[in-house]
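Under this note's numbering, the sequence shown is numbered contiguously, ending at residue 277.
FYI, nobody ran anything at the bench for these hints, they're computed from the structure.
No false leads were slipped in.
With a Cα cut of at most 20 angstroms, we get these calculated SDA-like pairs of lysine to any residue: (1) Lys53 with Phe70; (2) Lys53 with Ser82; (3) Lys53 with Asn80; (4) Lys75 with Asp20; (5) Lys75 with His22; (6) Lys53 with Gly34; (7) Lys53 with Val30.
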Amino acid sequence: MGYCMLHLTTEITGIDFANDFHIHSGERFVVTSGDLQLEIGSHGGHGYHILFKNNGHIISDLHGVKAEDFNFNMKDRSLNASFLIDPMAPFHELDVNNHPNFSISMHAEGVCNNCVHGNASFASLVNQAQVSADSGAAQVSADSGAAQVSADSGAAQVSADSGAAQVSADSGAAQVSADSGAAQVSADSGAAQVSADSGAAQVSADSGAAQVSADSGAAQVSADSGAAQVSADSGAAQVSADSGAAQVTTETGSTSSSRRPSGFEFLGAETLAALDL
1 MGYCMLHLTT EITGIDFAND FHIHSGERFV VTSGDLQLEI GSHGGHGYHI
51 LFKNNGHIIS DLHGVKAEDF NFNMKDRSLN ASFLIDPMAP FHELDVNNHP
101 NFSISMHAEG VCNNCVHGNA SFASLVNQAQ VSADSGAAQV SADSGAAQVS
151 ADSGAAQVSA DSGAAQVSAD SGAAQVSADS GAAQVSADSG AAQVSADSGA
201 AQVSADSGAA QVSADSGAAQ VSADSGAAQV SADSGAAQVS ADSGAAQVTT
251 ETGSTSSSRR PSGFEFLGAE TLAALDL
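Could you put together the complete structure from these sequences and hints?
Structure follows, in structure tokens:
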């Protein structure tokens, strides 16, 4: 039998994600809902801990986090969290009966089907921010690591200081920026904008405007309908537009741009090539 672990699970409902959901620098994460508060972070020599409070009363102050799994539901304004905790780690208090949505159990580490195992680094809990919204606006930022956000309707914005930043929006505007690493964005309808200081910048938009810029590396953009613009200070810049205007500039590297003029679609490919259209 493997080493026994504590399995802590909780559900927090009625979250105002606009005001009560915070990811702080210094590896600190806080979410509140009414009188219930969840805080995850590091305090001095105590190491990482999970702190639950209900109406000011401490439900748990546990250390020794081995794995975690977060599920945010923006539409239902809820959060489901699951933690795997070393039972030998210190804890100040544990009151599982203080809140109906709070439960804890003990089992062998190798037989848990509802935990995330093999995650040796607690930093992923703070550095990886993932949020989805079926309707409305979704915003997420991460100082280090990966930042991902998606919104079916409305606006989606994401920024990451280091690592990868990805964002997609079915309807509305999608914006993403990354200081270091890769920045990718796609929008089915509306405007798509992306910028990356270092690395690769890619953007695509089915309808509307697509804009992308990259200081170093490669910049690629495509737009099925509307305007497509791209610029790259160093590296390669590529842009294509099925209908509308296509513009591309590059200071160093290679440039390729193609535009199929509207009104000549009835001509064959060979004829268009011969006419240089």
